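With chain A's structure known, arrange chain B on it following the hints.
First to last, the sequence lines map onto chains A and B.
Per this note's numbering, residue 1 is the first one in the first sequence, and the count goes up by one each step.
Per this note's numbering, residue 1 is the first one in the second sequence, and the count goes up by one each step.
If you're looking for bench data, these hints aren't it; they were derived computationally from the structure.
A hint or two may mislead.
Dumping the calculated EDC-like pairs for lysine to aspartate or glutamate here, alpha-carbon to alpha-carbon at most 20 Å [stated by the list, open to error]:
1. B:Lys9 x A:Glu123
2. B:Lys65 x A:Asp99
3. A:Lys188 x A:Glu277
4. A:Lys211 x A:Glu281
Nothing here was measured: the structure is a model prediction, and the numbers come from that model.
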Amino acid sequence: MTYTELEAFYHDLVRRARERGVTCAITSGMACVHYGVAQTTKDCDLLCDPKLADAFLGLITETDLNGAMPSYRGNLSPPLDRRWLEGGWTSHFVWETEDGDGAYLDIFGVPPRASAPWEKEIEGFYSSRHTVAEMKRTDRDKDWPFATALGEQMLEAGDEQGWLHVFDVSTLLSLNRSVPPPLALQEKRPVLSLLADTNPDEIELAIRAEKEFWHQLDAVRVKVLKEALRPYVVAVRKDPNGKAPSLKTQHEVRLEKAKEVLNPNALTDYGHRRMAEEARERAEKFLPAGSHPWLPDVSAYLTDYSDE
Amino acid sequence: MNDAAEKPKPNWWSPEIAEEIRQIRYEYHVREFGEEMARINFLPLEERRREVAKIYDHAKARGVKFDKPAPGYTR
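Pulled out of the complex, with its shape left as it was, chain A reads as follows:
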């Protein structure tokens, strides 16, 4: 399949989902392509309102791709179900076409590190630049330039939240010469207050502190999820119906095993505040003394989406 065909397939899926009342939006790599920060990806990462997980599963179940029907991808995928989407889990699906190619769809309900409801800021088929940029603060160095590039775009369009996503010193100083960041954002991101003194070394150190903190926060989050997954993976692998041809059967197996051994609220039970403190302690081991004032205020990112 060509990239154009893949893109059309995912767009059509989103369109049909929305016709059924499912709030959803494409994010991550494909959104970056749309927004002009291109990366090569064939996977579609898709945000879905957890309350409509059943409806989306119904849609996927009846959707074929050139005659290929969908399956869960691998034994690690939690079931596509409100409880696990709300808990921050991701369900993975694949359509394996006859030419050996395939379409990969990853569905989740809570974007990592999101500070605002993604459902309220959607642009066409895609989640907003702000949502995508927040997601790019991972423990992988390769993701951060995309956050910076999206932040710059936001500022060009007049969206001041873009200041939260720029992690390049030279760019920050250049932007500051055109228009300084508002005071309100400096509370959320203390590093921005350093721009008034324009000391590049101090700003570089502060940005390194920020990035190390976000790296560690992502690492802690992944550690918690991996540990929670272990018994579930074993249980799904042991059940021969986990690989049944029918997605309905695969889903029943995964739902049954998840109810038994996969805590949907592994992250909230561990404690978001505890994760942030742990990340801070780990980050400080790698940073020079005195850099902790520049660590971000993460209280806005500690929302528990399972509380309604």
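Quick look at chain B alone, frame taken from chain A:
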């Protein structure tokens, strides 16, 4: 759903400031992604999608695998 693109602009915004920021943006893209990707990233949407599709299709035809793991969570 609210379209994020419809947000009102702040008082400091003007086409001239936007153009300054666009230039800063372009310089960053060249520095970080290279001249060719910077060129592609600054194309109008439809042209950009065609260029990205060409890159992807070419890589795939040469045997590049774009598969990524399915770990049960999103990074």
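Which hint numbers does the structure go against, in order from smallest to largest?
-> none
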